[in-house]
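Following full-length UniProt numbering from start to finish, the sequence shown increments by one per residue and tops out at 243.
FYI, nobody ran anything at the bench for these hints, they're computed from the structure. Check the hints yourself; a few may be wrong.
Claimed, not checked - FRET-style restraints, in silico, Cβ to Cβ:
1. H54 with A97: 28 to 38 angstroms
2. V183 with F12: 19 to 29 angstroms
3. A101 with S143: 32 to 42 angstroms
4. A95 with V183: 33 to 43 angstroms
5. L25 with A96: 41 to 51 angstroms
6. P94 with H119: 40 to 50 angstroms
Unchecked claim - Derived pair list, reagent style BS3-like, types lysine-lysine, alpha-carbon separation capped at 25 angstroms:
7. K67 with K214
8. K150 with K67
9. K155 with K214
10. K146 with K198
11. K146 with K132
12. K50 with K155
Ideal Cβ placement from N, Cα and C applies to all residues, glycine included.
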Amino acid sequence: MYTSLVRAQNVFGFFTTVAFAVAALIAGTDLLAPRTPSGTIRPTNTQVVKGRPHYYSTKREEYAIIKFSLDADLSSLFTWNTKQVFVYVTAEWPAAAGNNATNQAVIWDQIITSPSSDHLANIGPATLRKLKKSAAGKPIDPSRGKLSLKNQRPKYQITHPSSRIAETDGVELRLHYNVQPWVGALTWDQGRDYGRWKATAGGASDAFALPAIKKKDDGDKSDSSSSSSKKKTNNNNKKKAKA
Numbered sequence: 001m002y003t004s005l006v007r008a009q010n011v012f013g014f015f016t017t018v019a020f021a022v023a024a025l026i027a028g029t030d031l032l033a034p035r036t037p038s039g040t041i042r043p044t045n046t047q048v049v050k051g052r053p054h055y056y057s058t059k060r061e062e063y064a065i066i067k068f069s070l071d072a073d074l075s076s077l078f079t080w081n082t083k084q085v086f087v088y089v090t091a092e093w094p095a096a097a098g099n100n101a102t103n104q105a106v107i108w109d110q111i112i113t114s115p116s117s118d119h120l121a122n123i124g125p126a127t128l129r130k131l132k133k134s135a136a137g138k139p140i141d142p143s144r145g146k147l148s149l150k151n152q153r154p155k156y157q158i159t160h161p162s163s164r165i166a167e168t169d170g171v172e173l174r175l176h177y178n179v180q181p182w183v184g185a186l187t188w189d190q191g192r193d194y195g196r197w198k199a200t201a202g203g204a205s206d207a208f209a210l211p212a213i214k215k216k217d218d219g220d221k222s223d224s225s226s227s228s229s230k231k232k233t234n235n236n237n238k239k240k241a242k243a
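With the hints as extra help, turn the sequences into a complete structure.
Put into structure tokens, the structure is as follows:
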């Protein structure tokens with residue numbers, strides 16, 4: 001009962017109990033910190049092109065490219081327990097009639113680290129030095145949660161399992177986030193208020209429709225007509241010069 005092994009087990013058991021109690025207390029403090037995220041997002045340019053899913057594929061699919069502008073204030077998500085915030089934008093549109101579901105695809109994402117976790121950022125050495133220098137002496141830097149993107153190119157092109165996405169109606173862009181704490185559970189954006197945690201104000205664009213695919217034949221016809229008109233003009237000029 002009083003051997004060294006038993007005493008070591010008792011000390012370890014007491015240590016783990018205290019550690020779990022402190023961790024639960026730290027995680028509980030996040031519930032007391034208010035969250036008031038907000039954002040406005042709108043599409044600036046949309047186009048649909050045809051392409052292959054990979055190099056060796058012979059199948060051609062339709063891909064939508066959606067540029068957008070985003071102004072968001074996620075500074076309230078950064079507390080002393082925040083490790084990093086994962087921000088992403090999705091394109092959402094209703095499924096076919098009779099299917100009670102919503103299609104959702106990510107078109108852009110970004111990881112925003114806290115000053116205490118800058119060493120985990122997957123960026124180049126020069127950018128990392130600038131990032132650390134901008135937050136020198138700051139345990140928390142809420143200004144990192146303020147995003148302003150103008151005519152942002154998407155990171156990902158989106159498609160549909162049917163390989164058809166052109167002329168899709170009711171498409172919306174939505175802003176989402178995921179808070180990753182040092183201690184505690186992962187939390188996502190919610191659709192309604194929970195205590196001091198408020199739902200994202202705004203964060204969704206007006207519904208819009210994806211355009212049709214520009215037919216290659218139309219471009220070829222216009223090119224051929226323009227080239228033929230140029231040839232006629234050149235021939236007329238030559239005849240005038242000879243005369």
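- Query: If you draw a straight line from the CA of K155 to the CA of K214, is it 25 angstroms or shorter?
  - Reply: holds, 22 angstroms
- Query: Hey, K146 versus K132, does the alpha-carbon distance stay inside 25 angstroms?
  - Reply: holds, 17 angstroms
- 40 to 50 angstroms as the expected CB spacing between H119 and P94, which holds or is violated: holds, 43 angstroms
- Can the suggested window of 28 to 38 angstroms be confirmed for the beta-carbon pair H54 and A97? holds, 32 angstroms
- Message: Range first: 41 to 51 angstroms. Now tell me if the beta carbons of L25 and A96 are that far apart.
- Response: holds, 49 angstroms
- Query: Taking only the CA atoms, is the gap from K150 to K67 under or equal to 25 angstroms?
  - Reply: holds, 9 angstroms
- Between V183 and F12, is the Cβ distance one that fits in 19 to 29 angstroms? Because 20 angstroms falls inside the window, the suggested range holds.
- Message: Hint check: K67 vs K214, CA-CA at most 25 angstroms. Holds or violated?
- Response: holds, 18 angstroms
- Measure nothing beyond the straight line between the CA atoms of K50 and K155; if it is 25 angstroms or shorter, mark the hint as holding. holds, 17 angstroms
- Message: A range of 33 to 43 angstroms was offered for this pair. Does it hold for the Cβ distance of A95 and V183?
- Response: holds, 39 angstroms
- Sort out whether K198 lies within 25 angstroms of K146, counting only the CA atoms. Answer holds: K146 to K198 is near 17 angstroms, not above 25 angstroms.
- Query: Taking the beta carbons of A101 and S143, is their distance inside 32 to 42 angstroms?
  - Reply: holds, 38 angstroms
Checked against the numbered hints given earlier, this structure breaks none of them.
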